[in-house]
Amino acid sequence: LLFKRMKDSRFPMDRIKAISVSGQQHGLVALDSKGNLTRKTSKLWNDYSTSRECDILTEKIGSLDLMVREIGNSMRPGYTA
46 LLFKRMKDSR FPMDRIKAIS VSGQQHGLVA LDSKGNLTRK TSKLWNDYST
96 SRECDILTEK IGSLDLMVRE IGNSMRPGYT A
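Position in the sequence shown (first residue = 1) + 45 = the working numbering.
Honestly, I wouldn't trust all of these hints.
As the list claims (entries may be wrong) - When the alpha-carbon atoms are kept at most 25 Å apart in a straight line, the in silico SDA-like pairs for lysine to any residue are as follows:
(1) K105 <-> W90
(2) K88 <-> Q70
(3) K88 <-> Q69
(4) K88 <-> P122
(5) K49 <-> I64
(6) K88 <-> D100
(7) K49 <-> S67
(8) K88 <-> A75
(9) K52 <-> V66
(10) K88 <-> R60
(11) K105 <-> D92
No lab work stands behind these hints, which were simulated from the structure alone.
Based on the provided sequences and hints, a complete structural model is requested.
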């Protein structure tokens, strides 16, 4: 779609030197009922503020092995949502 629009607008395609693609995963953007941010910053994958809670949940299950068996994954603080 992008290239079609560029071609339709007669963008000089030979000027394109590189193309980059990126994506963000494991981030939480909290919004209120009106669509406004509820915090100044979004929680990203590298936010480890819930490390203790993840440890507590793993301990309550019994062990890391049991956690993985029960939910199919370990409880990691980077999974914010």
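Structure-based check of all given hints:
1. For the hint linking K105 to W90, the alpha-carbon distance of about 24 Å falls within 25 Å, and the restraint holds.
2. Proximity of K88 to Q70 is assessed by CA-CA distance (about 11 Å); at most 25 Å being required, the pair is judged to hold.
3. For a cut-off of 25 Å, the pair hint linking K88 to Q69 stands: about 11 Å separates their Cα positions.
4. Annotation: proposed proximity of K88 to P122 holds, straight-line Cα distance about 10 Å (limit 25 Å).
5. For a cut-off of 25 Å, the pair hint linking K49 to I64 stands: about 15 Å separates their Cα positions.
6. With a C-alpha separation of about 19 Å, the suggested pair K88 and D100 falls inside the 25 Å cut-off, and the hint holds.
7. Under the criterion of a C-alpha separation no larger than 25 Å, the hint pairing K49 with S67 is consistent with the structure, at around 21 Å.
8. At roughly 9 Å between alpha-carbon atoms, K88 and A75 fall within 25 Å of each other, so this suggested pair holds.
9. Straight-line distance between C-alpha atoms of K52 and V66 comes to about 20 Å, which keeps the hinted pair within the 25 Å bound.
10. Between K88 and R60, the direct Cα distance comes to roughly 37 Å. Violation of the 25 Å bound is thereby established for this hinted pair.
11. Only pairs whose Cα atoms come within 25 Å are accepted, and K105 paired with D92 is accepted, the gap being roughly 23 Å.
In the structure shown, a violation is registered for the earlier hint numbered 10 alone.
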